[in-house]
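Chemist: Those protein sequences? They're chains A and B, same order as listed. For the first sequence, the UniProt record's numbering puts the final residue at 342, and the numbers step up evenly by one. For the second sequence, the UniProt record's numbering puts the final residue at 342, and the numbers step up evenly by one.
Keep in mind the hints are simulated off the structure, nothing from the lab. Check each hint, because a few of them may be wrong.
When chains are identical, the list treats them as one kind, so a pair holds in a single copy or across two.
[What the hints assert, rightly or not] Capping the alpha-carbon separation at 27 Å, the derived lysine-lysine pairs in BS3-like fashion look like this:
1) LYS42 to LYS242
2) LYS204 to LYS264
3) LYS61 to LYS34
4) LYS112 to LYS61
5) LYS42 to LYS264
6) LYS112 to LYS42
2 protein chains.
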Amino acid sequence: MEKEITIYDLAKILALSPATVSRALNDHPAINAKTKVLIAEKAAELGYRSNTFASHLRTRKTNTLGVIVPRLNSNFMSTVLAGMEEVANNVGYNLLISQSLESEVKERANAKTMFNSRVDGLLVSVAYDTYSFGHFSTFISRNIPVLFFDRILTHPQCGAVIIDNEQAGYDATRHLLDQGCRRIMHVTGDLRRNVYGDRLEGFKRALAGQNLSLDNRLILSTDLSQEAGRAVAEQIDQMQEKPDGLFIANDLCAAICMQALKEKGYAIPGDVAIVGFNNDPVSQVVSPQLTTIFYPGYQMGKTAMTTMIGQLNGTRPIDHSEPIILRSELIIRRSSILLEKS
Amino acid sequence: MEKEITIYDLAKILALSPATVSRALNDHPAINAKTKVLIAEKAAELGYRSNTFASHLRTRKTNTLGVIVPRLNSNFMSTVLAGMEEVANNVGYNLLISQSLESEVKERANAKTMFNSRVDGLLVSVAYDTYSFGHFSTFISRNIPVLFFDRILTHPQCGAVIIDNEQAGYDATRHLLDQGCRRIMHVTGDLRRNVYGDRLEGFKRALAGQNLSLDNRLILSTDLSQEAGRAVAEQIDQMQEKPDGLFIANDLCAAICMQALKEKGYAIPGDVAIVGFNNDPVSQVVSPQLTTIFYPGYQMGKTAMTTMIGQLNGTRPIDHSEPIILRSELIIRRSSILLEKS
DNA sequence: CAAATTAATGCAATCGGTTACAATACAAGA
DNA sequence: TCTTGTATTGTAACCGATTGCATTAATTTG
Numbered sequence: 001m002e003k004e005i006t007i008y009d010l011a012k013i014l015a016l017s018p019a020t021v022s023r024a025l026n027d028h029p030a031i032n033a034k035t036k037v038l039i040a041e042k043a044a045e046l047g048y049r050s051n052t053f054a055s056h057l058r059t060r061k062t063n064t065l066g067v068i069v070p071r072l073n074s075n076f077m078s079t080v081l082a083g084m085e086e087v088a089n090n091v092g093y094n095l096l097i098s099q100s101l102e103s104e105v106k107e108r109a110n111a112k113t114m115f116n117s118r119v120d121g122l123l124v125s126v127a128y129d130t131y132s133f134g135h136f137s138t139f140i141s142r143n144i145p146v147l148f149f150d151r152i153l154t155h156p157q158c159g160a161v162i163i164d165n166e167q168a169g170y171d172a173t174r175h176l177l178d179q180g181c182r183r184i185m186h187v188t189g190d191l192r193r194n195v196y197g198d199r200l201e202g203f204k205r206a207l208a209g210q211n212l213s214l215d216n217r218l219i220l221s222t223d224l225s226q227e228a229g230r231a232v233a234e235q236i237d238q239m240q241e242k243p244d245g246l247f248i249a250n251d252l253c254a255a256i257c258m259q260a261l262k263e264k265g266y267a268i269p270g271d272v273a274i275v276g277f278n279n280d281p282v283s284q285v286v287s288p289q290l291t292t293i294f295y296p297g298y299q300m301g302k303t304a305m306t307t308m309i310g311q312l313n314g315t316r317p318i319d320h321s322e323p324i325i326l327r328s329e330l331i332i333r334r335s336s337i338l339l340e341k342s
Numbered sequence: 001m002e003k004e005i006t007i008y009d010l011a012k013i014l015a016l017s018p019a020t021v022s023r024a025l026n027d028h029p030a031i032n033a034k035t036k037v038l039i040a041e042k043a044a045e046l047g048y049r050s051n052t053f054a055s056h057l058r059t060r061k062t063n064t065l066g067v068i069v070p071r072l073n074s075n076f077m078s079t080v081l082a083g084m085e086e087v088a089n090n091v092g093y094n095l096l097i098s099q100s101l102e103s104e105v106k107e108r109a110n111a112k113t114m115f116n117s118r119v120d121g122l123l124v125s126v127a128y129d130t131y132s133f134g135h136f137s138t139f140i141s142r143n144i145p146v147l148f149f150d151r152i153l154t155h156p157q158c159g160a161v162i163i164d165n166e167q168a169g170y171d172a173t174r175h176l177l178d179q180g181c182r183r184i185m186h187v188t189g190d191l192r193r194n195v196y197g198d199r200l201e202g203f204k205r206a207l208a209g210q211n212l213s214l215d216n217r218l219i220l221s222t223d224l225s226q227e228a229g230r231a232v233a234e235q236i237d238q239m240q241e242k243p244d245g246l247f248i249a250n251d252l253c254a255a256i257c258m259q260a261l262k263e264k265g266y267a268i269p270g271d272v273a274i275v276g277f278n279n280d281p282v283s284q285v286v287s288p289q290l291t292t293i294f295y296p297g298y299q300m301g302k303t304a305m306t307t308m309i310g311q312l313n314g315t316r317p318i319d320h321s322e323p324i325i326l327r328s329e330l331i332i333r334r335s336s337i338l339l340e341k342s
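Required output: the full structure, derived from the provided sequences and hints.
Modeler: Right, here's the structure in full:
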């Protein structure tokens, strides 16, 4: 009940050598099938469990992957993690998860912890203010694969899994244009971050496609928080030339903003048509329901993890030259429908 | 750049013994302060990192805690995890996180993995259908602390951190009664689960306090999913004697139900006043905004983790006799206000 | 029937810290 | 001066699984 059984105990009981026991438990081909069965049975009977530390010490593999995310308590991130966990769990990898709380300093500390824990690989979605790569280069130099997802850093030796933010930005904007909007405001995050920068590119492309000029006053870089949503509504209310369309790069922020606008008497979508981003549950419960971009979080988690494991197995090395791009999708709901379908 | 530095390397370079190096790095009092500095500097210079496996192998401690939750992608759970992570991270513990996907079978498998990974302690919020304790008793018999949170199993050797679900149920119901509701429906989960069973007790107590009898047809045990929310609205629509109040044990489910009711022409709160549970972001963006119970997830995560670590340090053993109960709070919003405040 | 294979198992070193038990050096006390 | 004490550092045996290199037994080949 109390004492741990080791392969030495098993060996002694069965009058075999520890080496044979070890090999049998690892299904080594050189061991007689009957012997394997014998050992396996005894091991089960005595409640033997492999000491992973001894094993890791010897093999220099940990079967553990590190994951660093900006925040755990976001619907999107936890969905991604759920996807990762499912894949990892299936192939026997453990996950060491930590959050940077959107701070590069904390992210650096987390990376160091992961490094010291000797994770076999690292999956990262970087913090809001991360621009340096330094804390990841230790991994690279030791040949530990680093894979970015969603919020990525571009690096010649790291893979990346993202959605096509440019296309998503284009789709969202194009949809508003198709509904007749001519003065579209884009509320977004830090534009140096790929997810936001790329969406802006799509936004611009859509405008250009309609020969509309870009008004920089209509591009708001915020932190996409709930407060930001309220502030945007306030700002719109103060504007002379008000926008007739609003593309906000986050659903919760968009929902709050929509609510604030409604309180101020604006009709949605009549006065302002709104498109969000993420397909967060909130997008379905606001009224009118929010048009948004479906962001395949679960899929992203699974893909990232599968890619990482492929790399570790050597079956499929990560392609460092090109990021893996997942399809996202515009989901049209009431908050942006100005024209009845014909 | 490539090779790992060990304490033996450091020892050789500095003409000291590995023992001294080891002690110095662990700040052992017997080591000369100057020697410590010397060793620390050299270690930093050469990029030494402790091999945790060798260390764990010897000390039989892993500095890793296991956490099993039903789902990662729930706002509440990810908030709890965020709280746990913050505390654990501060004191140098790592978290091994996995999800049971609401299945006892998977939970059992996860527990086994945790066990084999030799976590120093285990924190669990059990799956929807978990009623047996078997997969945790291995931990107990090896003296590994197990602490339940939110969805708990009651066991003489395990601590627990919960909110006062009975009181919360009472508060929610009492509020509806105070607003004049006389026929309140309670939509909840599996009643054998403490979180739901206790809320029902509170529900009953509130009714009893007003000398109202309990109508079992008004207690609906569902899976609290979005579909369940729609189904409830449908059911209400079919009822002869319709409820004038609705207490739903989950915000998202409540929001969907509210939406479905509105579509069917019911006025909220006029025809049906609604109270949810969790204070999920959705509760703030639905209209009318949803009255709900604030569920201190972050706090729960921090408290659970602090308790666990106190236990591991030996500073403060877990009190197995009584669960730790956190305060929750009724947040009154428009979905349930029938009487103007006087 | 001897030699050569093949199959199965054992020996012993190794991974890198940790720690009980010395050992050494030097200063203070008798 | 000799003893005792104190401060530091060293020696070596672990922790438990893995694996290259034998070794032994069993089978096949010439």
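Chemist: Does each hint fit the structure? Answer for all of them.
Modeler: A quick look at each hint next to the structure:
no.	hint	verdict
1	LYS42 to LYS242	neither (77 Å within a copy, 63 Å between copies)
2	LYS204 to LYS264	neither (29 Å within a copy, 41 Å between copies)
3	LYS61 to LYS34	neither (29 Å within a copy, 36 Å between copies)
4	LYS112 to LYS61	both (18 Å within a copy, 20 Å between copies)
5	LYS42 to LYS264	neither (74 Å within a copy, 64 Å between copies)
6	LYS112 to LYS42	between (41 Å within a copy, 18 Å between copies)
When held up to the earlier numbered hints, the structure conflicts with 1, 2, 3, 5 and fits the remainder.
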